[in-house]
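S.K.: Chains as they are written, first to last, in numbering that gives the first Met the number 0: chain A, 0 to 246; chain B, 0 to 124.
In case anyone wonders, no lab produced these hints; they're calculated from the structure.
Predicted, not measured: the structure shown is a model, and the values here were computed from it.
Certain hints may be false.
In silico lysine to aspartate or glutamate, EDC-like type, Cα no more than 16 Å apart, as pairs [to be verified]:
hint : chain 1 : residue 1 : chain 2 : residue 2
1    : B       : LYS11     : A       : ASP102
2    : A       : LYS115    : A       : GLU48
3    : A       : LYS17     : B       : GLU113
4    : B       : LYS53     : A       : ASP58
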Amino acid sequence: MIKCLIIDDDPFIRDLMKDKLSYFNDIELLGIAKNGNEGIEKLRALKPELVFLDVEMTDMTGFEMLAQLGSIDFQTIFVTSYSHYAIKAIRFNALDYLLKPIDLQELKNALSRFRKKSATTSKNNIINALENMNHPVNEQKLFLKSQAGEIAVKLTEVILVQGDRNYSNIHLISGQQLLIAKTLIDLENLLDDKGFYRCHKSYLVNRHYIDQVKGDYIKLANGNKIPISRRKKTAFRQWWERNKAAK
Amino acid sequence: MSEPIIDLQALKELSRGNPDRMLHYLYQFKELIPKRSAELRKALSASDRINVRKLIHSMSPQVQFFGIKEVVKIKERLALGYEHIPQEEMNSSVNELLNYLEKAVTEVSKLINELEQKKDHLKYD
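One chain only, chain A, in its complex shape (with noise of 0.2 Å):
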């Protein structure tokens, strides 16, 4: 049986939550709070596996909740309504989450994840994204499974990411190249906010390493000249002017 706790403030979602759980012959409902501070006491008192977790409480953020704990011994999937900021930052840090107002097979293919994850892999996620939250973007680390297994890659070694269909590779400045299975258009949508910049269809680059801007390519830190597509080459230049005094 997966032990599970329900944490959201709105009296909607905890019913729609615990009636849709009730679909589950695995799911053992320990108990439901109904915010932040309830959350962290029945975490202490009933030691779920798995949380569901409302991302914007009225005391508190679900991110805020999980950082006043001392350890985290269970798995989240966080709940949200529709918010690109929230959601965008949850995609970021390679966490569980589900839509207001919870469709029962996302919740099925939800649990299904959550059997297949490992804890320790759902925890170190979610100690990254707490400290990818105090962090400047420049300092946070982006989680990706690898051939290798699971990696964290800090966003400053991050140079280049060439797209290869359904995979993407990650050039790193020290010359790695980390091949991942996800396309550049994901990587696109959790990176456009970081000083990252699809120039071209197979490439999103670093504003960090770019040297030098030159009619239809990029110079990079390392030498490389990756081209600048023309559809794109006015968007560049525009964000371009907006972003190298960052840099």
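Take the given structure of chain A and dock chain B to it, following the hints.
M.R.: Below, chain B without anything else, positioned relative to chain A:
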């Protein structure tokens, strides 16, 4: 007679034909939506855009669950422009949304009466 604005499909699926469970969610809608609508009116008259956004956001799951498409559309439109749309446009959109919610609450109240009556019939038959 005008078309109903709420869609009970999700509620029926969730409650699996249990009238008490259906009533629970209907009563909850009837309780929470007017309360939040009143707060939304207050936030709107104070031109408090942050709270307007927050309150619409908080109603959104229930509104989606009850399939109130018109409100979802307005909510999405507002989501794109909370920070920059002119106050006049904000006022008219939020008022439109509040009107739909009012209609939805009336429909829900009617449904509650119908369901309660059905339950009584079953009890005394």
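S.K.: Which earlier hints can't be squared with this structure?
M.R.: 3
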